[in-house]
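Asker: These protein sequence lines map, in sequence, to chains A and B.
1 is the number of the first residue of the first sequence in our numbering; add one for each residue after it.
1001 is the number of the first residue of the second sequence in our numbering; add one for each residue after it.
Calculated from the structure, these hints are not laboratory results.
Each residue gets a CB set at the ideal place from its N, CA and C atoms; glycine is no exception.
Each hint should be verified, as a subset may be incorrect.
[Said to hold, decoys possible] The calculated lysine to any residue pairs, modelled on SDA-like cross-linking and capped at a C-alpha distance of 25 Å, are: (1) A:485 - A:465; (2) A:119 - B:1019; (3) A:446 - A:401; (4) A:83 - B:1023; (5) A:130 - B:1023; (6) A:119 - B:1040; (7) A:573 - A:558; (8) A:99 - A:175; (9) A:119 - B:1043; (10) A:4 - A:237; (11) A:85 - B:1002; (12) A:69 - B:1011; (13) A:85 - B:1046; (14) A:119 - B:1022; (15) A:85 - A:39; (16) A:130 - B:1014; (17) A:327 - A:272; (18) A:130 - A:145; (19) A:471 - A:164; (20) A:471 - A:163; (21) B:1084 - A:73.
[Unchecked claim] DEER-style ranges, computed between Cβ atoms: (22) A:96 - B:1023: 25 to 35 Å; (23) B:1063 - A:69: 21 to 31 Å; (24) B:1044 - A:469: 47 to 57 Å; (25) B:1088 - A:99: 39 to 49 Å; (26) A:46 - B:1023: 20 to 30 Å; (27) B:1044 - A:466: 55 to 65 Å; (28) A:219 - B:1041: 53 to 63 Å; (29) A:469 - B:1023: 51 to 61 Å; (30) B:1041 - A:54: 37 to 47 Å; (31) A:69 - B:1067: 26 to 36 Å; (32) B:1088 - A:69: 13 to 23 Å; (33) A:176 - B:1071: 28 to 38 Å; (34) B:1023 - A:466: 51 to 61 Å.
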Amino acid sequence: MEIKKGIAVSPGVVISTAVVLDAEDLAIPERHVGAEQVPAEVARFGQALEASIAQVQELRAGVTATAGKEIAAIFDAHVGILKDKTLLAQVEKEIKGQKTTAEFAVSVVMRRYADLFHKMSDRYLSERVKDIHDIERRIIGNLIGQKHYDLAHLSDDVVVIAHDLLPSQTAALDRRFVRGFATDVGGRTSHTAIVARAMGLPAVVGLGNITAEVNTGDVVIIDGNHGVVIINPDQEQLADYTETNRRRVGIDEALAQLKDLPGRTTDGHEVTLMANIEVPEGIDEALGKGAQGVGLYRTEFLYLTRPTEPTEEEHYEAYADSLRRLKGRPLVIRTLDLGADKFSQSKQQSPERNPFLGDRSIRMCLHDIPMFKRQLRAIMRASTQGDVRIMFPMISTLMELRQAKMVLYDVMEDLEDEGVEFRRDIPIGMMIEVPSAALMADSFAKEVNFFSIGTNDLIQYTLAVDRTNEKVAGLFCPAHPAVLKLIRDVIRVGQRHNISVSMCGEMAGEPLYTLLLLGLGLTLFSMNGPDVPEVKKVIRSTTMEHARQVARRVMSFDSERQVMHFLREETRKLVPEAF
Amino acid sequence: MPTASIEVVITNSHGLHTRPVMQFVDIASRFASEIKVHKGGSEPADADGKSVMQMIILAAEPGTPLRIDAEGADAAEAVSQLAKLVEDKFGEE
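Chain A extracted, bound-state conformation (with noise of 0.2 Å):
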């Protein structure tokens, strides 16, 4: 039994098996099986080592003709190390005895190697070591490859165990069995907790080295409410554990009761409450919470889920989808906000020295216009089958906005003159993210229909705290007076120039926030899916009078730690069991 403390990111309680997933850069941790695992140890092995074999001898292939003799000469060497059967019996036995899984086994016995190649006095030798790096990461990468490909390809329940988890990984997972997630790195705002609380699954991020203290098949807590995870919990562990899993159950029961009651204040004022989703099918979970409509629809995953850039097609497909699944309700497509922690595929080999403030979102939209308008054609054909909203991320200078929407109309002059019919009125607003657009909204907010503020980069601009680096994740904070000055002043300039203002960032779904953010005058709300009953239950438990002196009186704060203590207290005696 071993508790490992970490970041609380997604709230739950799931007790299930562990897979472990190691990542191809980093040293392979000592990990030990089960005696009735280690046939199936040596067959990944076996399975590993015909993949690197294919895979080497079809790059041999392509370089015979244009790079000569040379190179094919030492893929031919890799293919001989590859099938030497002295390194297969070495590996095996490895596996065998001291019952390890594949992945240390290959590290243990090539880096025995490595050592002789480097303790030769023959430089050209010695240099080899190289080759024997390569193999080496090649046939881990295939073994690493292959717990991908098994985690596509669930029958149990399981909880995913990583370094990291990337974007593609989280795409590729079969979502009907993984019950939750820990990871090594990341913070409150990484994209496994993001994805993880729009999945309603609990997730602990930021626990150091767990992938080294877990093995693959091991029985795991992960408390998501606590930061807590416990491998090989004791019996004691597990009936309070089982004990607590029932009672929120209870709660969730209770909160369902509200799915189709407004989200209207005790006198009377109305507040619209919207999902944000990652893909289509992410709709039909959100309006079973109560969701109205969907106030964020993140297309990237467009882009992340497959091997090349998704076609015009495509992408109309999955708006047609959406809005067949929303029945008239609302649909607010962000244009592609890629780059930074999210990378296309075309991006992945060009590393940026400082990625959060370089050629992310709609910049990289407008250095590519091919690629941009074939997202915005799709949107505008869309646009005849539902109420479609389009968006702009990232926007920082009016000059920016003046831009997207030149393409917008482009795309728009093309579609007319190909007689393709479209809403030539479509709602066009921004992303308030950035401190610039923030205190320039009174400028911006005669340019759009309205605005959405993204809080998670906003805190991120604002107080200059990478949201993913551990270290420094606990300055992140939405209740930093700073953000809530320019989150105030945003909704002031909305209700001045009559525009809509609504907030689709994290901060918008964390009940703890409700209460300021009415009192501020918000009226559009957009969160995960499993957020609304909770934010309802808060709205619909006050009067906006009250919602308007706590909002007051927290502007006064100049501490964040006053305004969530605040904010705790007077939440609490509100919905005592908001936490």
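Starting from the known structure of chain A, arrange chain B on it as the hints suggest.
Answerer: Below, chain B without anything else, positioned relative to chain A:
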């Protein structure tokens, strides 16, 4: 089980590097016999003549004496073909 043995000296320009090793293992692997290679000189070592890894690690430089031992039905033929490869400097110029 028949056995055969022969002593040779490495004379090609760079010794038993990757490519010569590949050629050696290629030929050795065609025979049913077990083939062992013993490196003499100042740092004696043994290798399985059918293992690329072990043969590379022998690091036999030019001038190194080798003894090739084979055991099996085709031992004599194996030893003679391998000795010829070494004596022919692995086909290098």
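Asker: So, for every hint listed, does it hold in this structure?
Answerer: Each hint, compared with the structure:
1. Among the hinted pairs, residue 485 (chain A) with residue 465 (chain A) is consistent with the structure: their alpha-carbon atoms are about 18 Å apart, no more than 25 Å.
2. Restraint check for residue 119 (chain A) and residue 1019 (chain B): satisfied, since their Cα atoms lie roughly 20 Å apart, inside the 25 Å limit.
3. Taken as a hint, the residue 446 (chain A) and residue 401 (chain A) pair is honoured in the structure, with Cα atoms around 12 Å apart against an allowance of 25 Å.
4. Under the criterion of a C-alpha separation no larger than 25 Å, the hint pairing residue 83 (chain A) with residue 1023 (chain B) is consistent with the structure, at around 14 Å.
5. For the hint linking residue 130 (chain A) to residue 1023 (chain B), the alpha-carbon distance of about 21 Å falls within 25 Å, and the restraint holds.
6. Under the criterion of a C-alpha separation no larger than 25 Å, the hint pairing residue 119 (chain A) with residue 1040 (chain B) is consistent with the structure, at around 18 Å.
7. For the proposed pair residue 573 (chain A) and residue 558 (chain A), the alpha carbon gap of about 23 Å is at most 25 Å, so the pair holds.
8. Between residue 99 (chain A) and residue 175 (chain A) the alpha-carbon distance is near 31 Å, which puts this suggested pair outside the 25 Å criterion.
9. For the hint linking residue 119 (chain A) to residue 1043 (chain B), the alpha-carbon distance of about 13 Å falls within 25 Å, and the restraint holds.
10. Between residue 4 (chain A) and residue 237 (chain A) the alpha-carbon distance is near 14 Å, which keeps this suggested pair within the 25 Å criterion.
11. Of the supplied pair hints, the one linking residue 85 (chain A) and residue 1002 (chain B) holds, its CA atoms being roughly 23 Å apart against a limit of 25 Å.
12. Restraint check: the Cα-Cα separation between residue 69 (chain A) and residue 1011 (chain B) comes to about 23 Å, which is no more than 25 Å; the hinted pair holds.
13. Note on residue 85 (chain A) and residue 1046 (chain B): the hinted pairing holds, with a Cα-Cα distance of about 16 Å set against a maximum of 25 Å.
14. Of the pairs offered as hints, the one joining residue 119 (chain A) and residue 1022 (chain B) holds, with about 21 Å between alpha carbons and a cut-off of 25 Å not exceeded.
15. A threshold of 25 Å between alpha carbons decides the hint, and for residue 85 (chain A) with residue 39 (chain A) the separation of about 18 Å falls inside it, so the pair holds.
16. For a cut-off of 25 Å, the pair hint linking residue 130 (chain A) to residue 1014 (chain B) stands: about 19 Å separates their Cα positions.
17. Pair hint residue 327 (chain A) plus residue 272 (chain A) holds up; C-alpha atoms about 17 Å apart against a cutoff of 25 Å.
18. Proximity of residue 130 (chain A) to residue 145 (chain A) is assessed by CA-CA distance (about 22 Å); at most 25 Å being required, the pair is judged to hold.
19. As the CA atoms of residue 471 (chain A) and residue 164 (chain A) are separated by approximately 15 Å, the hinted pair is consistent with the 25 Å bound.
20. Taking the CA atoms of residue 471 (chain A) and residue 163 (chain A), the gap is near 16 Å; set against the 25 Å cutoff, the hint holds.
21. For the proposed pair residue 1084 (chain B) and residue 73 (chain A), the alpha carbon gap of about 22 Å is at most 25 Å, so the pair holds.
22. In this structure, residue 96 (chain A) and residue 1023 (chain B) meet the distance hint of 25 to 35 Å, their C-beta atoms being roughly 33 Å apart.
23. Our hint of 21 to 31 Å for residue 1063 (chain B) and residue 69 (chain A) holds, since their Cβ atoms are close to 27 Å apart.
24. Checked against the given bound of 47 to 57 Å, the beta carbons of residue 1044 (chain B) and residue 469 (chain A), roughly 54 Å apart, stay inside it.
25. Judged by the Cβ atoms, the range 39 to 49 Å given for residue 1088 (chain B) and residue 99 (chain A) holds: they are separated by roughly 47 Å.
26. In this structure the supplied range 20 to 30 Å holds for residue 46 (chain A) paired with residue 1023 (chain B), their Cβ-Cβ distance being about 27 Å.
27. One distance hint, 55 to 65 Å for the beta-carbon pair residue 1044 (chain B) and residue 466 (chain A), holds here, with the actual separation near 57 Å.
28. Roughly 57 Å separates the CB atoms of residue 219 (chain A) and residue 1041 (chain B), a value that falls within the hinted 53 to 63 Å.
29. Checking the proposed 51 to 61 Å range against residue 469 (chain A) and residue 1023 (chain B) shows it holds: the Cβ atoms sit about 52 Å from each other.
30. With their beta carbons about 39 Å apart, residue 1041 (chain B) and residue 54 (chain A) fall inside the hinted range of 37 to 47 Å.
31. Checked against the hint of 26 to 36 Å, the pair residue 69 (chain A) and residue 1067 (chain B) passes, with Cβ atoms roughly 31 Å apart.
32. Hint check: residue 1088 (chain B) to residue 69 (chain A), Cβ distance near 19 Å, so the stated range 13 to 23 Å holds.
33. In this structure, residue 176 (chain A) and residue 1071 (chain B) break the distance hint of 28 to 38 Å, their C-beta atoms being roughly 57 Å apart.
34. With their beta carbons about 54 Å apart, residue 1023 (chain B) and residue 466 (chain A) fall inside the hinted range of 51 to 61 Å.
Comparing the model with each earlier hint shows violations of hints 8, 33; every other hint is respected.
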